[in-house]
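Construct the complete structure from the given sequences, taking the supplied hints into account.
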Amino acid sequence: MKKPTLLALLVMLVILLTWGCNDSKNEDETTAATTAALRFDDNLARENEEIVFSFLLDDQQNKRSTLCIDKSGEYLVFRFGASPSNVIEVTGMRQDTHKAFSYDYYFRGGGKENLGLDLNYLYFADASYQYDLFDEFDAVDESRSIGITIHSLADESSKTYYAADSTIIGSLGAIRDDRFSELITWEE
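In numbering that gives the first Met the number 0, the protein residues as written are 0 to 187.
Everything labelled a hint here was simulated from the structure, so no lab data went into it. Hints are not guaranteed to be accurate.
The calculated lysine to aspartate or glutamate pairs, modelled on DMTMM-like cross-linking and capped at a C-alpha distance of 25 Å, are [what the hints assert, rightly or not]:
{"hint": "1", "residue 1": "K98", "residue 2": "D176"}
{"hint": "2", "residue 1": "K98", "residue 2": "E155"}
{"hint": "3", "residue 1": "K70", "residue 2": "D125"}
Written as structure tokens, this is what we have:
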């Protein structure tokens, strides 16, 4: 009677050990997939995100400013930094992103003859800084000014960084697209 009981216990032990190994393999696969999804590409975007507006700063070595939207439209995120390990991130989820991001623009078409302008601004903050992204086009001289102004909330100082022209991806004016309507507050 002891042999069948001992044999049954051994079989159960083998089953439990095998099942535990499979679970840890699945956990490892899940962890690896999650880690891959959290990695940034060179533009500070993730696999599940679309770049709306991005650029390298003109006078800063490898610092990038990037605004992305989740491909499913659930959130808008801004990232700023020199490398994926040193990034400032401001995120707004669909249910509260309008509290995080505020957009303002002025558009006057008609080209040079009408002194055409396309001025776009996105405002947001974290605990320490206020960020003002800007994308301005003047049809008269066909100039475009793109960058970010960062205001310290502690000492009220500010610094403006301009985009390196050859690194610009997208346009801040893209925010006028309907898919952003629930993700931002529209300034008046």
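Q: Decide if the proposed pair is consistent with the structure: K70 and D125, CA atoms, cutoff 25 Å inclusive.
A: 24 Å, holds
(Q) Against the 25 Å threshold, does the CA-CA distance of K98 and E155 hold or violate the hint? (A) 22 Å, holds
Q.
Checking one constraint from the list: CA of K98 to CA of D176, max 25 Å. Satisfied?
A. Holds. K98 to D176 sits at ~19 Å (cutoff 25 Å).
The structure shown violates none of the earlier numbered hints.
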